[in-house]
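Each chain, letter by letter, is given below.
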Amino acid sequence: MILRYLIILLILLPIKAFAVIEVDITRGNLNPLPVAISPLDIDKNSKDNFKRILKKENIGVEISIIVENNLKQSGLFDPLNKDAFLQKPDIANLKPRFEDWNLIKAQALVTGKVTFIDEKLRVEFRLWDVLAGKEMMALAFTTVPSNWRRVGHIIADKVYERLTGEKGYFDTRIIYISEKGPKTNRIKKLAIMDQDGFNNKFLTLGNELVLTPRFSPTNQMVTYLSYFRNLPRVYLLDIETGMQEVVGDFPGMTFAPRFSPDGKKIIMSFAKDGNSDIYTMDLENRIVERISNHPSIDTSPSYSPDGKYITFNSDRSGYQQIYVMSSNGKNVKRISFGNGLYGTPVWSPRGDLIAFTKLHKGKFYIGVMRTDGTGERLLTENFYQEAPSWSPNGRVLIFYRETKTNAKGEGFSAKLWSIDLTGYNEKMIETETDASDPSWSSLLSN
Amino acid sequence: MNRNIIISFGFHTLLVIITAMSLPFLAKKPIDLPPIVSVELIQITDKTNIPFAPKAKKIIEKVKEKEKKLVSEQAPPKAVKKIKPDAIPLPDEKIEKVKKIKDKKQNPEKVDTEVKQVSEFEKKELFDTNSIAALIDKSKVESAETNKKLDKITQDQDKSIDFGGLSLSEEDALKAQIFGCWSIPLGLPYNENLLVRIKLQLKPDGSIIRTEIIDHARMNKPGQRFYKVLAESALRAIKLCQPLRVPSKGYERWKELQLNFDARDMLEG
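Note that the protein sequences, when read in sequence, are chains A and B. In terms of this note's numbering, the first sequence is residues 20 to 465. In terms of this note's numbering, the second sequence is residues 18 to 286.
Careful: at least some of the hints might be erroneous.
Said to hold, decoys possible - Below, simulated BS3-like cross-link-like pairs (lysine-lysine); rule was C-alpha separation at most 30 Å, straight line: (1) B:LYS216 to A:LYS124; (2) B:LYS238 to A:LYS186; (3) A:LYS186 to B:LYS256; (4) B:LYS256 to A:LYS153; (5) B:LYS238 to A:LYS153; (6) A:LYS327 to B:LYS256; (7) B:LYS256 to A:LYS107; (8) A:LYS101 to B:LYS256; (9) A:LYS101 to A:LYS70; (10) B:LYS216 to A:LYS153; (11) A:LYS199 to A:LYS427; (12) A:LYS124 to B:LYS192; (13) A:LYS153 to A:LYS124; (14) A:LYS124 to B:LYS256; (15) B:LYS256 to A:LYS91; (16) A:LYS153 to B:LYS192; (17) B:LYS192 to A:LYS91.
To be verified - Here chain A is said to cover these stretches of chain B; the calculated rule only asks that three of the stretch's residues, wherever they fall, bring their Cβ under 8 Å from a Cβ of chain A: (18) 183–195; (19) 219–232; (20) 252–260; (21) 264–276.
None of these hints come from the bench; they were simulated from the model. For each residue, glycine too, the CB sits at the ideal point set by N, CA and C.
Let's have the full structure, built from the sequences with the hints guiding it.
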């Protein structure tokens, strides 16, 4: 009898074990995350000091605006209107009343405090998870007051990284070609600015034609192309010191230079007798090595982030297409097979994608494909656009776009644009002059 | 003697395995009979505010009851008892408790403790600040209170206990709600395992008593930082969505739910 009860009990137990219901959530929304960026709190003494030094009324508010603009620009965040905030910055930074922030639908909250200590700017900030009611991150920075914009960018980077899972790209700079004058007689200068368009500086005078500047992925060195006695030459420029030098003296043309991922080599095209191939040059010992050897035109080389592969474009199939080869020049494999011409391949810093320019039926496209050539996605289409360059986190592309001239030769302009991998968040980057050939730096602070 | 015991043990084990594998499926059958599906359909329309739904619900229930009597005597109609509103703790009490806790300055130089974090619950302890302590206190009180109330409800609802899963329409309602709340972090790697499993303990009104990330140890593993971001986004979605759209009855069935958040389809597509 007992045994029978025992059996019944044993039968019932496993049924109970099956009872937890599982529901698979395989979809979500890609809407920007609502985030509240409270103005940074500042005491009266600090406020007066910064007003004297920086000529800014309230530096706490100014820094919070930089954070807000950066996050908004990324397309992944929706900074809420400050007028709706119920809690004042000083109290919010100590202990936010999460109910109030929840009320205005904020999911994350940034608070902070600015102080003037020993002639320096000290900023502390905190990131709060409003729904969980807890602090996610707290950091403090001290720097010279003139660096206040960078502090804003760094805060935005930290918030971005904590909430999206990948590094930000706000504390970065963009080097580009500034253009002025009529199309037939353009003055081109090398220029550099913060990624949000501020702190613009010219690096060359505009006497010589300059083209294709590229940042080193490891430091603040730039390689670019400039004409010397009507021959294009590859140059190196150290932004910190302003020193520049020509990379070797070759009998033919050198062009399309780019750094290797470790910053120790330059990979470029070298043309001789109508044939161009890909070469590398070691920057320490200046030893030049030939990588590709084919009677066709091979150009626009770009290393994979691990340095094991090189992508380039070549017309060896009869049309310009994208190829991938090992870094020693072996195992050449064509990866682009769509209709049209493919050029300017650039390997993503994440390593998963290659960005390119495509010309098809008179239209220019910026697109991405996987490194084996599958999954081609065209992100944007226009009359003329090219030269994509990746943000350091591999999420956004910057490129330039030209407009059509009318019959009188007027209306021409070239501007920098950015687009993220979703293809929806396309934005023009304001520059003082016309601009082309942008290149994105790595993060200035890590 | 020993041999007999071994044989007996062997057969009993076999019996247990067979029943464990097959009985739940047998048990599910009557639950999935058409009458119950139709009741749930009304429940969905009720939520979408179609005006004639309550009437239709009554009519269909009557019809189904008649049908049941005709078809089978073994499947008695469920005893449906409404949950008493006074069984749910009032939110005001909680808010007051939080307000009482004094603020104290935190040291910002201590900085991010994300590396140390093991789970959602342990993180609160690591921060060790008054504000976090307040939250822990709050959650303790909250769960204790709720558990008391839940005991009552459980006794009330004993008759309607069943162990089947959610029906398709119930599941769809819940999914649709959470889809809207879940903001997927777009910086996640495409080629990684992006599955976060979260176990929930629910109140009868669908609000959350407790959440637990099942694979929380993964948060600390090297190269898995994205997992923490993903898990946090899933937790945010649950909190944003609560009270969850759960069926109005059969609380015993769904008082514990497991939500499997998988971002792969969204990010690859």
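Quick rundown of the hints versus the structure:
no. : hint                 : verdict
1   : B:LYS216 to A:LYS124 : 25 Å, holds
2   : B:LYS238 to A:LYS186 : 18 Å, holds
3   : A:LYS186 to B:LYS256 : 26 Å, holds
4   : B:LYS256 to A:LYS153 : 13 Å, holds
5   : B:LYS238 to A:LYS153 : 22 Å, holds
6   : A:LYS327 to B:LYS256 : 45 Å, violated
7   : B:LYS256 to A:LYS107 : 25 Å, holds
8   : A:LYS101 to B:LYS256 : 24 Å, holds
9   : A:LYS101 to A:LYS70  : 22 Å, holds
10  : B:LYS216 to A:LYS153 : 20 Å, holds
11  : A:LYS199 to A:LYS427 : 18 Å, holds
12  : A:LYS124 to B:LYS192 : 21 Å, holds
13  : A:LYS153 to A:LYS124 : 16 Å, holds
14  : A:LYS124 to B:LYS256 : 12 Å, holds
15  : B:LYS256 to A:LYS91  : 24 Å, holds
16  : A:LYS153 to B:LYS192 : 27 Å, holds
17  : B:LYS192 to A:LYS91  : 29 Å, holds
18  : 183–195              : holds (count 5)
19  : 219–232              : violated (count 0)
20  : 252–260              : holds (count 5)
21  : 264–276              : holds (count 6)
Of the numbered hints listed earlier, those contradicted by the structure are 6 and 19.
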